[in-house]
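Same order as they appear, the protein sequences are chains A and B. Mapping of the first sequence onto the numbering used here: residues 545 to 797, in sequence order. Mapping of the second sequence onto the numbering used here: residues 545 to 797, in sequence order.
Some hints could be false.
Copies of the same chain look alike in the list, so a pair counts if it fits in one copy or across any two.
Cut-off 20 Å, straight-line C-alpha distance, at most; resulting in silico cross-link-like pairs (DMTMM-like, lysine to aspartate or glutamate) [unchecked claim]:
{"#": "1", "residue 1": "575", "residue 2": "781"}
{"#": "2", "residue 1": "646", "residue 2": "672"}
{"#": "3", "residue 1": "603", "residue 2": "781"}
{"#": "4", "residue 1": "691", "residue 2": "764"}
These are calculated hints, taken from the structure and not from any lab test.
Okay, here's what each chain looks like letter by letter:
Number of protein chains: 2
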Amino acid sequence: MAASCRLKPLSRVAVSGGTHGNEMSGIYLAKHWLRDPMELRRGSFAVTPFLGNPRAIEKCERYVGQDLNHTFTTELLSSAEAEDEPYEVGRAREINQTYGPKGSAQAFDFMFDLHNTTANMGACLIVDSEESLLPMHMCHYIQTHYKWSPCRIYLYKLPGEETYSIDSVAKAGLALELGPQPQRVVRADLFAQMRALMACALDFIELFNKGTVFPAFEIEAYKITGRMDYPRYPNGEISAMVHPKLQVGVGWE
Amino acid sequence: MAASCRLKPLSRVAVSGGTHGNEMSGIYLAKHWLRDPMELRRGSFAVTPFLGNPRAIEKCERYVGQDLNHTFTTELLSSAEAEDEPYEVGRAREINQTYGPKGSAQAFDFMFDLHNTTANMGACLIVDSEESLLPMHMCHYIQTHYKWSPCRIYLYKLPGEETYSIDSVAKAGLALELGPQPQRVVRADLFAQMRALMACALDFIELFNKGTVFPAFEIEAYKITGRMDYPRYPNGEISAMVHPKLQVGVGWE
């Protein structure tokens, strides 16, 4: 990063677990924190955990009507309520009202969003783009201080694209993606890793609020350069699978 | 086992992949064999692969209306067709017509049933009870010849209980359960393991048909002795998870 970090202290931080209702680490963590928020407390700011998609969590499905995490566009957030709209469109408006409105001065300072993947990729920190200075400094801090698995950084936003994810409602945000974990399954090791990552991220905010200077740094991050489909049979079915060496060898064991 | 194995040679063997529509190893294997059955061929008997629950496979769900693998009771198989019956009840009748009828002299000699689990348990061979002589000898042969992971044996039928699984339609049967694999995901290593287990089982049938004598043996098998729920919060939600040492350590690594 070319510039050091000079931004206002953060006062209100939100954490969504269960933005996808079958990704259990964040659901279990958010429910734990809703029962006992002690470990989220830091001196200089307040952390509010919440359940992103309660109806999908109840059904233990990714979503009910449409993917909540693609529903936070200005167009959908400002659309008029309709009887036949997917549940998630209404839920996105509620979240926008509570933690936003998106793009406004009233919005929360930061939002974390907790995800799992079945892919054997360890911990992945997802930020919209390298222009998001505070989240990039947070990533750097986590990479330096968190030792359980590598934390790769993924910048998801394509040039010119609008942000659409749940954390885009706040002024800044970060998504954690941990794998491998089957959908609907809780692995204690990934639960503990996500908890440790969150503690590390909150420690960073505390240090930042207290005036710690974070100097400029260089960092490696991943971006989409293109998409490649699986090979397929003439009837459209996938004819290949990921090689076991890529599936089992995770690069740091 | 107290007795050596003296039974008639087998001539017709069936293999179901996708009895549960989101357990991908067997689905991929059965589809592969339907395209190219060469590797199933042995000299002395015929092997017929089929898709257990095609509608669930299409949706990539465990089942559509009810669990197909609990639908092969005499009561359901002999029930009159009803408009509002679950899809799987009709599908069970079709399978019973093709590979049964259950308990009749016309039934197939043997049926394999291919499953996955998210549990980190390696390979598990599931037989109804230790009274099923041929499947128990097959288990013993597989345990002796298959080296990729331990093969534990699980005897599922409780005393006095009727068989209800898909392979109970044939005169004898065996289910393979391989894990860990997320639902809806194909892992190449588990795919290869299931393929090798099936090859080993078919080799056993070939040897048996050709008159090989399999002497009596002792073998370790698991049975249900009781069920224990997870600890729960007052609202009914699970308050515990499997310890990481049980989840990660699989006992043979």
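Hints and how they fare:
With identical chains, the CA atoms of residue 575 and residue 781 are at most 20 Å apart between copies only, with a shortest distance of 10 Å across copies and 39 Å within one. Taking identical chains as interchangeable, the C-alpha atoms of residue 646 and residue 672 lie at most 20 Å apart only when both belong to the same chain, with a minimum of 15 Å there against 58 Å between chains. For the homomeric pair residue 603 and residue 781, the shortest alpha-carbon distance between copies (14 Å) is at most 20 Å, but the shortest distance inside one copy (28 Å) is not. Taking the shortest Cα distances, residue 691 and residue 764 sit within 20 Å of each other inside one copy (17 Å), while across copies they are farther apart (41 Å).
Checked against the numbered hints given earlier, the structure satisfies every one of them.
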